[in-house]
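So the sequence lines, in the order shown, correspond to chains L and S. If you read the first sequence in our numbering, its first letter stands for residue 1, the second for the next number, and so on. If you read the second sequence in our numbering, its first letter stands for residue 1, the second for the next number, and so on.
I should point out that these hints are in silico values taken from the structure, not numbers from a laboratory. This one's a predicted model, so the numbers in the text were calculated from it and none came from an experiment.
Since copy identity is lost for identical chains, a pair holds within one copy or between any two.
Using 20 Å as the maximum straight-line C-alpha spacing, the simulated EDC-like pairs for lysine to aspartate or glutamate come out as follows:
#1 Lys163 <-> Asp183
#2 Lys287 <-> Glu450
#3 Lys287 <-> Glu401
#4 Lys287 <-> Asp387
#5 Lys441 <-> Asp407
#6 Lys470 <-> Glu379
Protein chains: 2
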Amino acid sequence: MSYITIVCVILCFVVAAGNTPNFVIMLMDDMGWGDLGVFGEPNKETPNLDKMAADGMIFPNFYSANAICSPSRAALLTGRLPIRNGFYTTNNHARNSYTPQNIVGGIPDYEILLPEMLKISGYRSKIIGKWHLGQQPHYHPLKHGFDEWFGAPNCHLGPYDDKKTPNIPVYKNANMAGRYYEDFLIDKKTGESNLTQMYIEEALTFIEKQAASHQPFFLYWAVDATHDPLYASKQFLGTSHRGLYGDAVRELDYGVGQILKKLKDLDIANNTLAVFSSDNGAATYAKTAGGSNGPFLCGKQTTYEGGSREPTIVKWPGKVAPGQVSHQLGSLMDLFTTLIKLAGLSLPSDRIYDGIDLTSTLFQNTIVKRPIFYYRGNELMAVRLGDYKAHLWTWTNSLEEYHKGVDFCPGEFIVNVTTHEQVNHTSMPLLIHLGRDPGEKYIIRPHKPEYVQQMPALMAVVAKHKAALKPGEPQLNWCDQSVMNWSPPGCEKLNKCIDPPPSKLYKCVWPH
Amino acid sequence: MSYITIVCVILCFVVAAGNTPNFVIMLMDDMGWGDLGVFGEPNKETPNLDKMAADGMIFPNFYSANAICSPSRAALLTGRLPIRNGFYTTNNHARNSYTPQNIVGGIPDYEILLPEMLKISGYRSKIIGKWHLGQQPHYHPLKHGFDEWFGAPNCHLGPYDDKKTPNIPVYKNANMAGRYYEDFLIDKKTGESNLTQMYIEEALTFIEKQAASHQPFFLYWAVDATHDPLYASKQFLGTSHRGLYGDAVRELDYGVGQILKKLKDLDIANNTLAVFSSDNGAATYAKTAGGSNGPFLCGKQTTYEGGSREPTIVKWPGKVAPGQVSHQLGSLMDLFTTLIKLAGLSLPSDRIYDGIDLTSTLFQNTIVKRPIFYYRGNELMAVRLGDYKAHLWTWTNSLEEYHKGVDFCPGEFIVNVTTHEQVNHTSMPLLIHLGRDPGEKYIIRPHKPEYVQQMPALMAVVAKHKAALKPGEPQLNWCDQSVMNWSPPGCEKLNKCIDPPPSKLYKCVWPH
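Starting from the given sequences, assemble the full structure and let the hints guide the process.
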């Protein structure tokens with residue numbers, strides 16, 4: 001009898017008696033903290049998100065569990081740090097890794113995903129957009145608790161030649177519905193694509209269907225228009241002051257507005273917790289084709305604030321009072337813990353969870369002291385507690401990559417902080433006060449009383465964390481061209497199957 | 001017969017028949033664009049300003065006329081660029097200058113100040129806080145149209161020894177009421193001072209008195225707690241996540257709330273235009289003792305966006321619809337033009353005005369295409385038109401000053417942009433698209449079609465401006481220790497007179 005079944009025997013009756021709320025998580029891709037009007041984007045082009053903030057609660061101190069996509073998303077859906085759920089690499093020290101289509105690994109069966117848990121309480125779950133937890137079929141969403149899927153296992157990169165590399169498939173549930181650049185078009189020259197409109201339509205249809213059925217639902221809207229290559233539909237192209245990136249933001253903002261409106265129109269808004277956030281910081285290396293991290297240092301791929309501070313808004317009319325700011329240090333992993341609680345469930349007790357229950361924050365705006373851990377691959381790079389952050393390691397990227405033009409901190413240079421070597425500060429961590437210094441520019445020197453006073457608590461948190469840590473089996477070490485999306489399930493019907501090359505395992509190369 | 005008298009003969013009858021609105025301009029000192037929650041300050045500690053924004057109109061593209069205090073304030077009160085009203089120096093090329101207490105110059109009699117104009121329409125005007133348009137008595141506010149004054153002619157620097165340098169006087173109307181650090185205390189060790197509370201109280205009393213008298217009023221609330229040395233009253237000390245700077249911001253935010261509440265309580269809010277802004281960008285060189293310019297480059301003293309982009313909010317219940325964003329390029333000088341219009345007056349026709357009338361922006365949210373000129377001393381350094389900005393000259397500060405530790409762009413370095421030499425780009429200006437690139441990091445190269453397409457319009461604006469420009473007599477060239485605040489009017493009664501040293505004129509030294 002599986003864990004899930006045991007839990008269900010105990011809880012399903014209790015839960016069925018309650019009025020379980022619906023959940024909508026709208027997770028952006030590479031959107032930065034500073035990309036929303038309400039978070040200070042100077043062109044102020046996100047009226048729907050700004051309204052969502054006015055109607056709900058914003059979290060200016062909310063983090064993703066990682067500064068790169070796959071580990072961040074795996075952490076959200078498992079409630080556990082990538083170092084525990086296996087979404088990291090040991091090929092090199094402190095390297096970011098993710099799930100390109102030649103990755104062998106993916107989300108381990110041992111991990112219990114949010115929709116698997118919610119199923120115990122009778123939820124129907126749908127993912128729309130990017131999965132990124134493994135492209136091999138046994139890793140797919142429908143094998144890990146989701147009931148429906150419209151979207152792709154990997155990023156919408158391409159177009160590929162379908163010879164050396166196959167174009168990425170788009171799935172409708174368990175089977176492919178076509179491929180990017182073939183059946184789902186993205187014009188890389190103009191940036192035109194209808195994908196966001198399709199994702200909006202899929203969301204509205206799912207919500208309508210669930211509202212009619214009275215079955216509680218979890219919608220995971222994992223759209224990707226702000227990830228390279230950027231796209232927007234014709235009606236949004238050229239409408240932003242910010243170029244194509246802003247067009248994409250505007251269309252996603254419109255989508256958020258449509259989803260919230262649908263909840264209201266169907267009279268289920270009062271019974272639906274809606275969350276907006278992003279998977280990691282803006283890709284500053286993409287220059288004007290990337291987003292903004294506002295006043296924060298650097299961006300995606302780094303453990304500075306720009307890497308993982310996320311623009312997070314929660315709306316739940318009648319439950320979460322409007323116009324609030326929460327100073328709680330939050331994490332995307334908290335959504336797992338919180339939604340489990342709201343669904344009347346308890347966390348499995350056989351493993352460590354890194355998220356905290358945010359219900360009292362949402363309902364009473366309370367604050368719990370908790371640490372935020374900043375990992376890069378297999379290394380704990382930094383820790384935050386209260387307003388203080390200690391950098392145990394610093395690294396932007398290698399000089400070799402930097403000289404190739406890859407710059408994670410364009411225009412920014414802080415001595416001893418934005419280092420191009422991996423610098424070990426564990427014996428004397430760099431201390432920053434993020435309240436006075438959100439840009440991480442002014443290191444508090446070790447001889448200062450403030451350093452002496454604050455560092456023990458930070459170091460105690462690190463010691464406790466490390467003592468209890470049993471790293472999961474790393475999933476992102478091995479690559480193989482044969483595991484790419486050559487012949488996805490359902491390819492036969494569409495005549496889209498391609499013969500894979502012979503299998504040849506090799507260690508993936510992670511330059512950052 | 002003076003110009004003012006002629007205008008009055010024509011207009012006073014017309015105006016008396018109308019219902020002229022009251023004006024409150026709340027001008028902060030060295031507060032940055034990024035210091036307000038509504039403009040993205042991550043600690044979100046300005047609930048009253050955020051509410052003012054929700055109830056009114058925000059201007060994310062609003063500028064001061066200069067990146068330093070005195071010229072910015074002179075421009076606001078005259079509606080004209082410092083190069084016209086004399087608030088600049090020709091001692092060196094492109095140098096910032098202001099009015100320390102040894103300055104000989106001040107606001108010329110030839111300039112017509114906003115309260116002088118408003119007097120024609122029967123207004124009573126009060127300045128509370130920092131004047132900064134000349135400390136010699138003939139330059140004082142009551143000689144230039146204000147009816148009341150509580151505050152100081154210079155910055156609240158000190159304490160001085162009253163031997164080599166006198167402490168700055170605080171005036172109650174035409175006479176001094178005491179001196180900083182003697183009668184008006186600022187504890188530089190703790191940062192404690194009741195000055196902001198006094199400035200709030202003065203404002204509330206003036207508003208009450210005017211409301212009772214039914215005489216229209218102009219209140220210029222020029223508070224200075226966010227200018228070095230920072231201060232806050234006991235009840236606000238230690239309350240901010242941002243340190244003393246944040247404590248000062250919180251107290252000013254409270255003050256804004258008190259003023260707006262008073263207008264509402266007295267039932268005159270619907271007949272009062274309230275404006276919040278700042279005199280220049282945050283003093284980034286002050287490090288964690290300075291404010292934030294959000295995503296913008298550098299700060300005070302520079303012609304990058306951080307130098308003069310101001311956090312501007314307008315509230316006028318019943319006239320300006322709530323919750324609006326205006327994308328109009330605005331300037332503090334526009335307040336002159338706009339308030340003149342709203343008071344039923346016309347601009348004097350014998351001089352050039354640089355402000356535009358914002359009434360249709362306020363009432364219909366329309367946009368007029370207009371340039372923004374970025375001056376540093378006697379040099380036009382940059383120009384903005386639409387989303388484009390052209391740098392004609394670039395300069396942060398000299399390497400000599402930089403090596404002394406004065407850094408206007410801490411942690412920021414953009415090749416060819418943040419130059420430590422004065423670089424002349426007039427033959428091939430640096431083009432920036434501020435919509436895509438608010439941080440001024442990505443220069444659009446001259447061979448790009450966008451450069452070829454956009455530059456002519458920017459250069460045409462510059463040519464037109466320069467052709468019509470007749471610089472005013474520079475007021476900020478000469479210094480003399482004998483003109484300092486030794487024996488301010490009223491000093492006898494307080495036994496606060498000090499004998500001045502012999503007069504000795506010398507050219508002021510402006511290092512930046």
